[in-house]
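**Student:** Sequence:
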Amino acid sequence: MDQDAITLFNQQQSPLLRLPPELRNKIFAFAVGGHITDVGKGHSIMNVYRTQDGQCKPHKIRLNILSNGSLQRLSPASFNAVCRQLRHETSGMYWALNTFCGSADDLTFFLRHMRSKAQLLCAVKIIPSGYVMCPDRYHPRSSTLNYELASTLQRLRGLGRLEKVVVRLGLSDSREENSVDRVVALSRHALEWVGGKQGLVVEVDRGH
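Numbering of the sequence shown is given in this note's numbering, commencing with residue 21 and proceeding in unit increments.
No lab work stands behind these hints, which were simulated from the structure alone.
Possibly wrong hints are sitting among the right ones.
Keeping only pairs whose Cα atoms sit at most 27 Å apart, straight-line, the calculated BS3-like set for lysine-lysine is [unchecked claim]:
#1 Lys137 - Lys184
#2 Lys46 - Lys184
#3 Lys46 - Lys137
#4 Lys184 - Lys145
#5 Lys46 - Lys145
Derived CB-CB ranges, DEER-like [said to hold, decoys possible]:
#6 Arg104 - Asp225: 35 to 45 Å
#7 Leu43 - Val204: 32 to 42 Å
#8 Asp225 - Cys154: 11 to 21 Å
#9 Arg38 - Arg175: 35 to 45 Å
#10 Asp225 - Arg181: 20 to 30 Å
#11 Gly180 - Gly53: 18 to 28 Å
#12 Glu42 - Cys142: 15 to 25 Å
#13 Tyr167 - Phe50: 34 to 44 Å
#14 Lys184 - Cys154: 16 to 26 Å
#15 Tyr167 - Ser111: 34 to 44 Å
#16 Val102 - Arg175: 25 to 35 Å
#17 Glu212 - Cys154: 13 to 23 Å
#18 Leu43 - Arg107: 10 to 20 Å
#19 Glu42 - Asp156: 49 to 59 Å
From a predicted model like this one, the values you see are computed outputs, not experimental measurements.
Glycine residues also receive a C-beta, built at the ideal position from the N, C-alpha and C atoms.
Could you build all of it, start to finish, from the sequences and the hints given here?
**Tutor:** As structure tokens, this is what we get:
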């Protein structure tokens, strides 16, 4: 049986695919969404490189899924591999319904190399390496976001569907009583500067 015949058979005979579209979408969203996807460049979360035209380019970015604090080997994205019809109906859900989490550097890398998929993201969590806040060189008595975090936030401006950004504080950052409000205000400024993102939710995770 060829692929077209299999697709037609599934559409006509599969109990799941014969359900009304709105009900199917609720089931798919429950199965695919609600996860935290950890993105990275090393160790078990890594890029696979392939040499092409004399250049070493990222071939694939592996993503591990963290659900309730435990590492899972099976990605919700594999739901798309069941059949052609499921892939067609759910391919964008994985990116839109999960939170993508990583260091500022890893998220920047991810956004650069997953451009079309990144445009579907609705929620991002940034875990900066080191302090979130640093002295402001233009205002020595004040503090500002570290350069790495600020750069990543500015890169997020290009994500048209983004609805929520969470910034995780380091232990030293969270000692300051006003650090949460300060980080939220500066993060929102970095995201809204030039063009703006209206209605975007910005939150801080104290990391405890």
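**Student:** Hints first: check each against the structure and report whether it holds.
**Tutor:** Verification of the supplied hints:
no., hint, result
1, Lys137 - Lys184, "17 Å, holds"
2, Lys46 - Lys184, "21 Å, holds"
3, Lys46 - Lys137, "21 Å, holds"
4, Lys184 - Lys145, "8 Å, holds"
5, Lys46 - Lys145, "25 Å, holds"
6, Arg104 - Asp225: 35 to 45 Å, "39 Å, holds"
7, Leu43 - Val204: 32 to 42 Å, "38 Å, holds"
8, Asp225 - Cys154: 11 to 21 Å, "19 Å, holds"
9, Arg38 - Arg175: 35 to 45 Å, "43 Å, holds"
10, Asp225 - Arg181: 20 to 30 Å, "22 Å, holds"
11, Gly180 - Gly53: 18 to 28 Å, "19 Å, holds"
12, Glu42 - Cys142: 15 to 25 Å, "20 Å, holds"
13, Tyr167 - Phe50: 34 to 44 Å, "40 Å, holds"
14, Lys184 - Cys154: 16 to 26 Å, "25 Å, holds"
15, Tyr167 - Ser111: 34 to 44 Å, "35 Å, holds"
16, Val102 - Arg175: 25 to 35 Å, "33 Å, holds"
17, Glu212 - Cys154: 13 to 23 Å, "21 Å, holds"
18, Leu43 - Arg107: 10 to 20 Å, "19 Å, holds"
19, Glu42 - Asp156: 49 to 59 Å, "50 Å, holds"
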